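Trainee: Take a look at the letters that make up each chain.
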Amino acid sequence: MNATSTMTLDPDPASAAKPVAPARTSAATGPRAEHPGIEAARMFLRNPAAIAGMVLLLIVLAVAIAGPWLYPADPFEIKAAPLTPPFSEEAWLGSDYLGRDVLTALIYGGRATLLVGAVAALLSVLIGITLGAFAGYYGGKVDAVLMKITEFFQVLPALLFAMVVVTLFSPTLVTVTLAIGVVSWTGTARLTRAEFLKYRGLEFVRAERAIGARDARIIWKVILPNALPPLVVSATLAIGAAILFEAGLSFLGLGDPNQMSWGLMIGSSRQYVLSCWWAVAFPGAAIFVTVLAVSLIGDGLNDALNPKLRER
Amino acid sequence: MGMLRYAASRLLQGLALVLAVVVLNFVLVHAAPGDPVETIAGASGGMSAELMAELRTQYGLDRPLPVQLGVYLGKVLRGDLGYSYFFNLPVTQMIAERVPATLLLVLSSVLLAFIVGTALGVLSSRRPNGLLSQFITVLSLVGFAAPVFWIGIMLVILLASVFPILPVAGMRSIDATGGGLADVLDVAHHLVLPTITLSLVYLAQYSRLARSSMLDVLGSDFIRTARAKGLAERVVLYKHALRNALLPVVTVLGLQFGNVLAGAILVETVFNWPGLGRLAFDSVLRRDYPTILGVLLFSSIVVVVMNQLTDLCYRLIDPRIKTA
Numbered sequence: 001m002n003a004t005s006t007m008t009l010d011p012d013p014a015s016a017a018k019p020v021a022p023a024r025t026s027a028a029t030g031p032r033a034e035h036p037g038i039e040a041a042r043m044f045l046r047n048p049a050a051i052a053g054m055v056l057l058l059i060v061l062a063v064a065i066a067g068p069w070l071y072p073a074d075p076f077e078i079k080a081a082p083l084t085p086p087f088s089e090e091a092w093l094g095s096d097y098l099g100r101d102v103l104t105a106l107i108y109g110g111r112a113t114l115l116v117g118a119v120a121a122l123l124s125v126l127i128g129i130t131l132g133a134f135a136g137y138y139g140g141k142v143d144a145v146l147m148k149i150t151e152f153f154q155v156l157p158a159l160l161f162a163m164v165v166v167t168l169f170s171p172t173l174v175t176v177t178l179a180i181g182v183v184s185w186t187g188t189a190r191l192t193r194a195e196f197l198k199y200r201g202l203e204f205v206r207a208e209r210a211i212g213a214r215d216a217r218i219i220w221k222v223i224l225p226n227a228l229p230p231l232v233v234s235a236t237l238a239i240g241a242a243i244l245f246e247a248g249l250s251f252l253g254l255g256d257p258n259q260m261s262w263g264l265m266i267g268s269s270r271q272y273v274l275s276c277w278w279a280v281a282f283p284g285a286a287i288f289v290t291v292l293a294v295s296l297i298g299d300g301l302n303d304a305l306n307p308k309l310r311e312r
Numbered sequence: 313m314g315m316l317r318y319a320a321s322r323l324l325q326g327l328a329l330v331l332a333v334v335v336l337n338f339v340l341v342h343a344a345p346g347d348p349v350e351t352i353a354g355a356s357g358g359m360s361a362e363l364m365a366e367l368r369t370q371y372g373l374d375r376p377l378p379v380q381l382g383v384y385l386g387k388v389l390r391g392d393l394g395y396s397y398f399f400n401l402p403v404t405q406m407i408a409e410r411v412p413a414t415l416l417l418v419l420s421s422v423l424l425a426f427i428v429g430t431a432l433g434v435l436s437s438r439r440p441n442g443l444l445s446q447f448i449t450v451l452s453l454v455g456f457a458a459p460v461f462w463i464g465i466m467l468v469i470l471l472a473s474v475f476p477i478l479p480v481a482g483m484r485s486i487d488a489t490g491g492g493l494a495d496v497l498d499v500a501h502h503l504v505l506p507t508i509t510l511s512l513v514y515l516a517q518y519s520r521l522a523r524s525s526m527l528d529v530l531g532s533d534f535i536r537t538a539r540a541k542g543l544a545e546r547v548v549l550y551k552h553a554l555r556n557a558l559l560p561v562v563t564v565l566g567l568q569f570g571n572v573l574a575g576a577i578l579v580e581t582v583f584n585w586p587g588l589g590r591l592a593f594d595s596v597l598r599r600d601y602p603t604i605l606g607v608l609l610f611s612s613i614v615v616v617v618m619n620q621l622t623d624l625c626y627r628l629i630d631p632r633i634k635t636a
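So the sequence lines, in the order shown, correspond to chains W and S.
So in the numbering used here, the last spot in the first sequence is 312, and the numbers never skip.
So in the numbering used here, the last spot in the second sequence is 636, and the numbers never skip.
FYI, nobody ran anything at the bench for these hints, they're computed from the structure.
Bear in mind that the values here come from a model prediction, so they are computed numbers and not experimental data.
Positions of the beta carbon are idealized from the N, C-alpha and C atoms, including for glycine.
Treat each hint with caution, since some may be false.
Said to hold, decoys possible - Pair by pair, the computed Cβ-Cβ distance ranges are: (1) W:Ala-62 with S:Gly-382: 15 to 23 angstroms; (2) W:Leu-122 with S:Ile-629: 34 to 42 angstroms; (3) S:Val-504 with W:Leu-45: 41 to 49 angstroms; (4) W:Asp-74 with S:His-342: 32 to 40 angstroms; (5) W:Gln-271 with S:Gly-382: 23 to 31 angstroms.
So here's chain S without its partners, still in its complex pose:
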């Protein structure tokens, strides 16, 4: 099967997965006790039966379920995720406003974890039982066992009271004048702590993975050949071994996107970072269904896209993998 046909079939599968998430969203909301109108009535402190009935008509909640599902699907296709009950804004717009902040946090964290993790993995692979290797073992245990939000809060405590050099909340200073380089620096300053927190978890994983993958590759025949023909150790390590050892790391990085999003929700909550995760947290607290469902749907789409891209890239990079 050709690459194009393969890509097309992956695209179809991706669409099917997204459609399934949409249907699941719909089913969940309708399986839950109570309906949105009751929630709104509860939040506004009592409401007459007529008004509730009117609202139900307005939201289309009085029509048969299959019709509602059809209407919902049609809207989602047009990019209309409904209005937030509480912010009274289109959910799509709210999500679009929050995406850059989350993207910035996630990309900087993953990049940091990837670079440092790979470096640690490569350096430690030269001495499989050396100090650095032991450090990676400890780091990977700590990275798995310590809750990411707890690490974040402990950093806040440490940096707010002991070394107050970094801002611990928000994305911009309150007195930010906004504009130009000063704004960029301000955001970067605020980005430091959330990025360090979120990247710690992945740093632990990537360094361990990079190390074992390097050890794997370094034990293979072509490395022995490269050494035997007299290549400098630096060339062997970085040009021959690292390139091959990176494959599994990149794969995990791509396939793990859902996990990174989960981490981002917790980290954004800790640091009041105005991203998607914070939006999810705020809308969950207010039982703002359209918003939370919109965030869930949007995140699922991102994860599906990332998975399919990883898969495609993997096949492009490594021709040994058959497009079965």
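Just chain W, same shape as in the assembly:
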């Protein structure tokens, strides 16, 4: 596995376009050379799909953050006659089987969904990067043990396991977030490990070691910045996956029952879909649009940061 240690040329074509950490190398390419980050940003901004994703996500975020301030209400409060159809006076997007306003629930539900999605994704990325970095950097027994743990979490059916955890412990936002984070880090760990394996034998890393840098510095300050581009993409996609995961759990009735969320809206109106399609259609569309926006951004980042891999 340790093929990189004898190589002077990077075998992966993708990294040719990647920033290489030390300032010395970029200085050597001449003063005209643009910082690769700026180049990537320009590529990203020239991608219409990515921009569309950004705009969509900003709208969703703005509604979720500012909505409750501009429109103070209780999403659980009964505000109209049950099953009021949408586009009516008292409920713009209709009301559910209890008479709760769908629009209010949509605005407030976004908070829980986005918060759990973002924090769970952050958690999974942190676990994944840490374990993957240690496994790839140290190799040998550390790698073997960490990869066994990773394999274990890979075979564990994630949704079922999260269902068990949330059932055994109380269904709060914290439990749900932890459960999602704990089951979804394996992909990031494998990716990080592969990147660290690739870099750890390269010259700039060996040079750091030669001048006596400690392992912690080499891992976090030297290799990680170089390994970031694919990890950023995977982190973005992790947010989308975590939002879907949260929605699935809430739909199954395993979300926090005191927190309105899009998944909870769908789950609680499931029995009544034939008499109020709007109570399910709108929150589902909200999840769809949000995850779509996140994955468009992820695709855009992928194209901008790893230009050679675009065909995938």
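Chain W is fixed; fit chain S onto it per the hints.
Mentor: Below, chain S without anything else, positioned relative to chain W:
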């Protein structure tokens, strides 16, 4: 290392993984606040302290933890996953009863997604920027972003109110007489919507994967050679390229089994499909620990077996992969 020795070592690793799941199951239940007896007492609306103590003795909950773990392991080895607190049936039996329904749903969905996805991928690879390729791009975005249970419910709404031609719940009609061809057709009729729903997600993935894999293979030297020696394009595409391009698709299909199970839980809940997923959902709602843990354990075993099989098949099909 020979294939047999490799297979044996994979088997051992698989067993170790399953053992780890069993231990994790046990640890989780004991780390959780409250114990099953309290749950039963709560569900039955109050219970005397003596009865609770008696139940604890009956379930062996008063013995030291390592002993309980040993007892649990021994039982699991014998295929005894305990009794459901609520259905009062052996968990193993309940799981065995539910497996065929889930198997039917999962296999039909994966097969549909695989066939259609591969076909779309192959057809689109002929024109990498054509209409079909763009369709696959859109499909893969939608397939990833739309929650599978939401797609299912929207299909229910559409088909129940607009085109009421397909049943939207259950696996058999209530008035099913049961037996012969009529029963098969009835189940098949009920299977249509859940299968379409579950397969959409994987269709999106497989078509994208098949397309990029075909494009990869079509750009390689041996394809150029095949074309240069004058083979018909059909032969090049289906006999030379497709065979090689299928490898990654089959691998993903095998390794993703855990994901498919997750999808099945949601889809079975939407369509009241009487499978394992529905059982998991029902037992979670009732805090029926032995059942939910049994389903988790069983599913983990299935995933481990699928992973190891995929790995073995992969090595059998593609001799370039060293058994390292």
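Trainee: Please test the hint of 32 to 40 angstroms on the beta carbon pair from Asp-74 (chain W) and His-342 (chain S).
Mentor: Cβ of Asp-74 (chain W) to Cβ of His-342 (chain S): about 39 angstroms, so the range 32 to 40 angstroms holds.
Trainee: So the hint says 41 to 49 angstroms: do the beta-carbon atoms of Val-504 (chain S) and Leu-45 (chain W) match that?
Mentor: holds, 45 angstroms
Trainee: Is 23 to 31 angstroms a correct range for the gap between the Cβ atoms of Gln-271 (chain W) and Gly-382 (chain S)?
Mentor: violated, 44 angstroms
Trainee: Confirm or reject the claim that Ala-62 (chain W) and Gly-382 (chain S) have a C-beta distance inside 15 to 23 angstroms.
Mentor: violated, 57 angstroms
Trainee: Return holds or violated for the Cβ distance of Leu-122 (chain W) and Ile-629 (chain S) against the range 34 to 42 angstroms.
Mentor: For Leu-122 (chain W) and Ile-629 (chain S) the Cβ distance comes to about 39 angstroms; the hint holds.
Hint compliance for this structure: hints 1 and 5 are broken, all remaining hints hold.
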